[in-house]
Amino acid sequence: MLGSASPTPLPDMAEVAVAEGESVARGQAGSPAALAVEGIHLRFGGLSVLNDVSLTLERGETVGLIGPNGAGKSSLLNVMSGFYRPDAGTVLIDGRTAGGLAPHRIAHAGVVRTFQNLGLFQGMSVLDNVLAGRTLHIRAGWPHYLLRLPAARKDERDNRERAMEILAGLGLDVHADRRVSTLPYGAQKRVELARALAMEPATLLLDEPLAGMNAGEKAEMVEAIRAVNRRDGTTIVLIEHDVGIVMGLSDRLVVLDRGRKIADGSPTDVAAMPEVMTAYLGTEPGAGGERGA
Amino acid sequence: MSFFLEVLVGGALAGVMYALVAIGFVLIYRASGVFNFAQGTMILFAALTFANLVEMGAPMSLAFVVTLALLIGSAFLTERLVLRPLANRSVITLFLATLGLSYIFEGVAQIAWGTQVHALDIGLSDEPVNLFGLSLSSFDLAATAIAALLVAGLALVIGRTGLGLALRAVAADPLAALSIGIQQERVTVIAWSLAGFVALVAGLLWGARSGVQFSLALIVLKALPVLIIGGFTSVGGVIVAGIVVGAGEKLAEIFLGSLIGSGIENWFAYVLALLFLMIRPTGLFGQRDLARI
Chain A
1 MLGSASPTPL PDMAEVAVAE GESVARGQAG SPAALAVEGI HLRFGGLSVL NDVSLTLERG
61 ETVGLIGPNG AGKSSLLNVM SGFYRPDAGT VLIDGRTAGG LAPHRIAHAG VVRTFQNLGL
121 FQGMSVLDNV LAGRTLHIRA GWPHYLLRLP AARKDERDNR ERAMEILAGL GLDVHADRRV
181 STLPYGAQKR VELARALAME PATLLLDEPL AGMNAGEKAE MVEAIRAVNR RDGTTIVLIE
241 HDVGIVMGLS DRLVVLDRGR KIADGSPTDV AAMPEVMTAY LGTEPGAGGE RGA
Chain B
1001 MSFFLEVLVG GALAGVMYAL VAIGFVLIYR ASGVFNFAQG TMILFAALTF ANLVEMGAPM
1061 SLAFVVTLAL LIGSAFLTER LVLRPLANRS VITLFLATLG LSYIFEGVAQ IAWGTQVHAL
1121 DIGLSDEPVN LFGLSLSSFD LAATAIAALL VAGLALVIGR TGLGLALRAV AADPLAALSI
1181 GIQQERVTVI AWSLAGFVAL VAGLLWGARS GVQFSLALIV LKALPVLIIG GFTSVGGVIV
1241 AGIVVGAGEK LAEIFLGSLI GSGIENWFAY VLALLFLMIR PTGLFGQRDL ARI
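From first to last, the protein sequence lines stand for chains A and B. Note that the working numbering has the first sequence beginning at 1, numbered continuously upward. Note that the working numbering has the second sequence beginning at 1001, numbered continuously upward.
Think of the hints as simulated: they come from the structure by calculation, not from any bench. Incorrect hints may have been included.
Said to hold, decoys possible - One-sided and incomplete, this derived list gives chain B residues near chain A with beta-carbon spacing under 8 angstroms: (1) 1168; (2) 1172; (3) 1178.
Glycine included, C-beta positions come from ideal geometry on N, C-alpha and C.
Isolated chain A, as found in the complex (with noise of 0.2 angstroms):
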């Protein structure tokens, strides 16, 4: 109801010009990428959280982001949706800087996030946590909304639609009436899904969007996640432990270990490159001395 732990300390969102990018990051077909970051850097204190990640996203592709605990993987996306300010390096949306924007700025260029820990608004229903996704497609001005002008009638009826078709979807318009917080923890995570879709987002970042739940309500999300990225087109980019689900639902896999990315390609490719293997089971031939992840 108040103040709710937050899941990330939220840095000074006063705009800072961040080191502008030489280079504007292009796709194959020559159009610029749906989101791309560049030589990034980011320090809490001492401590070196990412350490020059570049990193580029191409239209419609599903990446997953792996690695050990600590490695930076949820920070690299706080960096993404604007939630960190990056001490160097450049974000780049649509081939646009988008370095320094406000996170709910970052939301309306289209580059819509979830949280680990549920960032559900839990007082509230479930069709109310998918509308408020959709504040950003209110057309009509609120004296309209006042007056119950048919504009507004229009637009709340159309927002209305969308939400429950987004819900059914996913299997939740049962529960659309229902408080979000009586639901299983399963299905708050689906709705958190359905609320970032309502904002009919051109790029997707799920942070652990499969974290605690059960074998069954993770293929349901994985079919879920799948079928937007078919469906809409939507770039993906989705971090998750279970390293069978994430090779399977990937199109490219990127790999983090303390702060640096370490590898960037196929599932395939990438499962069979050994520093993937030392970064995940710590051994590092030749090379004892280091610490552990």
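The hints should help you fit chain B onto chain A, whose structure is shown.
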């Protein structure tokens, strides 16, 4: 019997005035998650400014608009200088900040307008009116009508526009609200401006009834039990609670006064609030938080 009804209805109408004060608290609590201790001095500041402008010869409509503009300006300043720097701090920090804010409102009012008591005539007479065989105060009836209009207007704004959803979303989880593109700062300013508007209306009615003086700020102490009984999050709840408190204390004063001594009116609301804290701590219509542990 008719005397009992007269006391009951008269008390209920007076109670609407308590509710009017309490609504300002609810608006801010829902948006900023804090009990705004400055609400009382905002009422004082509004009433003093209005009374002085009218005494200086301004027509009432102009005085109203100017006072409202000052309150909206102070909402901007409060967000910028008090709430934004304290974002993500604990509730108690915010509460103490509003305590400081209340001294600023009081001090500014004193510097600008002095400490003199002003009579305020807003054109509402206070005469006995016969209604359905009951003798009631015309002032109380008019005040109730104004309060009803105000509440209906607020209900429309909160219930029927995207703003209401945004208010609830920001209060429930500020970070998640950011992630779906809701700009917290703007929602905060709007909520505090609405609370300023309510403070102005309450200040005019209370000022007209009991004179514009510094003790006006102490209405906070009458609103607090009403908030506890009604629930901090519910506009409807505090209206019901205001009526219950108003009617209850008048009835208790008249019918119990002879048994246990008079002066019941002064403590009745607090005893009722205490009972609510023990039996139903969320108030009549307040939301209960369900947490997964």
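Outcome of the hint check:
1. 1168: The hint holds - residue 1168(B) has a Cβ within 8 angstroms of chain A, the shortest such distance being about 6 angstroms.
2. 1172: holds, 4 angstroms
3. 1178: OK, holds: residue 1178(B) within 8 angstroms of chain A, min 4 angstroms.
The structure is consistent with each of the numbered hints, conforming to all of them.
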